[in-house]
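If you read the sequence shown in this note's numbering, its first letter stands for residue 171, the second for the next number, and so on.
Bear in mind the hints are in silico, worked out from the structure with no lab data behind them.
Ranges of calculated distance between the beta carbons of each label pair, as one might list FRET restraints:
hint, residue 1, residue 2, range
1, K233, I200, 58 to 66 Å
2, E179, N201, 14 to 22 Å
3, D231, D208, 41 to 49 Å
4, V232, V188, 44 to 52 Å
5, A193, R229, 48 to 56 Å
6, A213, V234, 42 to 50 Å
7, V215, T192, 21 to 29 Å
8, L222, Q191, 28 to 36 Å
9, A220, Q191, 27 to 35 Å
Below, computed lysine to any residue pairings styled on SDA-like, alpha-carbon distance capped at 20 Å:
hint, residue 1, residue 2
10, K194, Q182
11, K194, A183
12, K211, A178
13, K211, V180
14, K211, I176
15, K211, V188
16, K194, Q205
17, K211, R184
18, K211, T181
Ideal placement from N, C-alpha and C gives every residue a C-beta, glycine not left out.
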Amino acid sequence: MVIYPIPAEVTQARIQLVVDQTAKAPAHTINQDLQAVDHAKAAAVEAALANLQTEEPPRVDVKV
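Working from the sequences, and respecting the hints, build out all of it.
Here it is as structure tokens:
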């Protein structure tokens, strides 16, 4: 399992969602905020996977 820090974009999208929910914003605004959170998460996962794939696998020299 890959563990990575939560990107600022995801945190900002979540904060905006909470702000709009607290302010009782219209439903379409909250839906847009939810989509922004999902897109930010997806982009973060994609970036983490791209970074993982570009790293060279460790070379293990096992001598028996």
